[in-house]
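Listed below are the residues making up each chain.
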Amino acid sequence: MDFDFSPDQYALRDEARRFLAEQCPTSHVRGFTDDTGAWSKDLWKRMADLGWMALPFPEQHGGLGQSPLDLVLLVEELGRAIAPVPFLSSVAFAGQAILRHGSDEQRARLLPSIAAGDRVACLAIADDADTFDEARVTCRAEPAGEGWRLSGEKRYVLDAPAADLFIVAARAGDEVRWFAVDEPAAVHPKRAYDRTRTMGSVVLDGTPAEALAVPGLQPALRVATGLLCAEMVGTAGRILEITVEYAGQRQQFGRPIGSFQAIKHKCAEMATELEAARAAAYYACWASASDAPDAEVAASIAKSYISDAFGHLGGEGVQIHGGIAFTWEHDMHLYLRRLKTAQVLLGDASYHRERIAQLAGL
Amino acid sequence: MDLAFTADEERFRAEIRAWIAGHLPAGWGEPGFREPDSFEERLEFARAWESTLADAGWAGISWPVEYGGRGATLSEQIIFHEEMARARAPRIFINFVGINLAGPTIMAHGSEEQKRRYLPKILDMSEIWCQGFSEPNAGSDLAGLQTRAVLEGDRFIVNGQKIWTSFAHVADWCLLLCRTDPDAPKHKGLSYLLVDMRTPGIEPRPIKQVTAEAEFDEVFFTDVEVPASNLLGELNRGWLYAGTTLSNERGPAFLAHQIRFQNVLADILDLAKRTTRDGVPASQHPAFRERLAKAYAEVEIMRYIGYRIVTAIKRNGQPGVEGSVAKLYWSEMVRHFQETALAVTGLAGLLDFDDAPDQGKWQRGYLMSFAQTIAAGSSEIQKNIISERVLGMPRGEVWAPKERV
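Protein chains in written order, with our numbering: chain B, 5 to 366; chain Z, 149 to 553.
The following block holds chain B by itself, in its conformation from the complex (with noise of 0.2 Å):
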């Protein structure tokens, strides 16, 4: 029995910590926070140079032949640089999701312009205000020839604005499956609460749109689902740290913060908070990369126990900093917006605790 990552996989993660110190201090990542739809484009190129979007893919698609486990400490990272990038839906989630569904020839197409940066892909689930479940998806699917052609309006779609291919959720008769999709009708870049990350609405209007071979949304939802709490566990993680450095150095009462239990115990509280979520992280991706056969309950406890957890966490956060994160200027509220915007993506934690119950057959 093992379950940690491999000296490889610890030496990518310290490289990919060292690169974006340097390249993506949260000065780079306001210069993305004000304008509606921005992200930084220099970096992409950067990552692209070092191979990243390339590392989960097989070597004949323009891979570097790993596993989604080699994923799991780069979007870490990523979450703890809170990267103004669109890695996660073209790579783990839009990316994850071809190469689960995809047929030999969608792949082979699909991939290579992917994994070499050149093409922003992203995962277009939701069509109303008030889910991301499969069953609830209409956006509507007719055949048409060899093809298809989509109609509705996808929302609060991650990275729409900086997408150029949009893997679609739709339903053709009875069976929701993803489409990918080149040229939507229109994109509607939308003000993200997440400053740090670009949201919009996809409209789809008789768009021609191709079928992804492997029918229905698993396992595509569940591996993304554990890549996003990997990379929460990544943004929590940075919370804990300036939270911990700050109660260190700030003084009240002639002591620092940090030497009073009520501080202390939050701090303890975050601790044990993050390490169970990492804990349940880790094992929602080796379960869907390994599809073992509780990778999609785990998928949602993860979601669900991550997404409460790391609520408590952020707001801690905030508390321990007192009026200084109460200020457009400290980096918090920046953590705090990606944290609060992953907690509704893809499920909120009351939606995973129904699919637990019902997994568990409650």
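No false leads were mixed into what you were given.
Cut-off 16 Å, straight-line C-alpha distance, at most; resulting in silico cross-link-like pairs (EDC-like, lysine to aspartate or glutamate): (1) Lys-336(Z) / Glu-382(Z); (2) Lys-462(Z) / Asp-6(B); (3) Lys-421(Z) / Glu-438(Z); (4) Lys-462(Z) / Asp-8(B).
Since the hints were made in silico from the structure, they are not lab data.
Place chain Z on chain B using the hints.
Structure of chain Z alone, referenced to chain B:
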């Protein structure tokens, strides 16, 4: 990352599984089987079951071969505990202190003569041990304990009081932590004595606990004479040795604990399906359904944490950060799910014992869950440890009473 066991380990699993199936106490686990009610009957039941384990050589599974143990690998220990938990076999009860606390402490710090004298009798259960740690005024502040041992010639004279001592009135020996130098700083004046519980001047008194049962004793020591040769290791180094005792208490049985909790959770889910609320099964009632799913997630996450701890021990010889947060995590988790279970019983939970669902199991379980967040380092102590040792936060100032005008 690879969570599989090897073929050899799986063979070992099949062996232990078959053994357990063939040796469980008669009637155990069958419908209508009831564990004995009185503490005395439970002790006899435990003595019989644990002797069966000892005779088959399972008792000392974690002990090295040189001390008569099985010398099992970490994976084999995990498998053994997993299978015991999965079969819902009776837990190690009466010999727990001997096998997991006293034995390893004597192995680590005792003289050769002490090891030869005490260890075999722990393994074959001819001697039962208790642990004399907590005192009325030394709970979380264990190092502040006041039971005194004064060396007079070739013997110590012990005076004081211990509390929360399991099995004191049936134990043959006590692993006693006591103060041997009252002038030294509090951590540096403690020693370990091995005390024969039949020595005159020792008086155990059972404590009736919140569940109306009596599992613990308080123990009074009045001019108790202990031979100087029963000092464990060196004088005044007891606090260091206590670290060995306590680290064993949080040892590799973690994953087995998790399976026991999985079993409890399965029973809670079952309870929720056969208990109605607002006319529907509680398992279908939105409020309870969500709490049950939350409990399910928390118990599963404990398993993942266990995998992390085991992997860290295999790689580095000791648990990592997860090891430090594990106790806080699971003890709070137990509080949550026992509270959920009690809530599920609803109106029927207004009654107790045989008048309540499942003979009052959930009423008792709720009250017992407080033991988890209080014993073996309270949640508050765990948070101090995590903030200071894991996060490196500063220690607080020592509180001193202000003079009142």
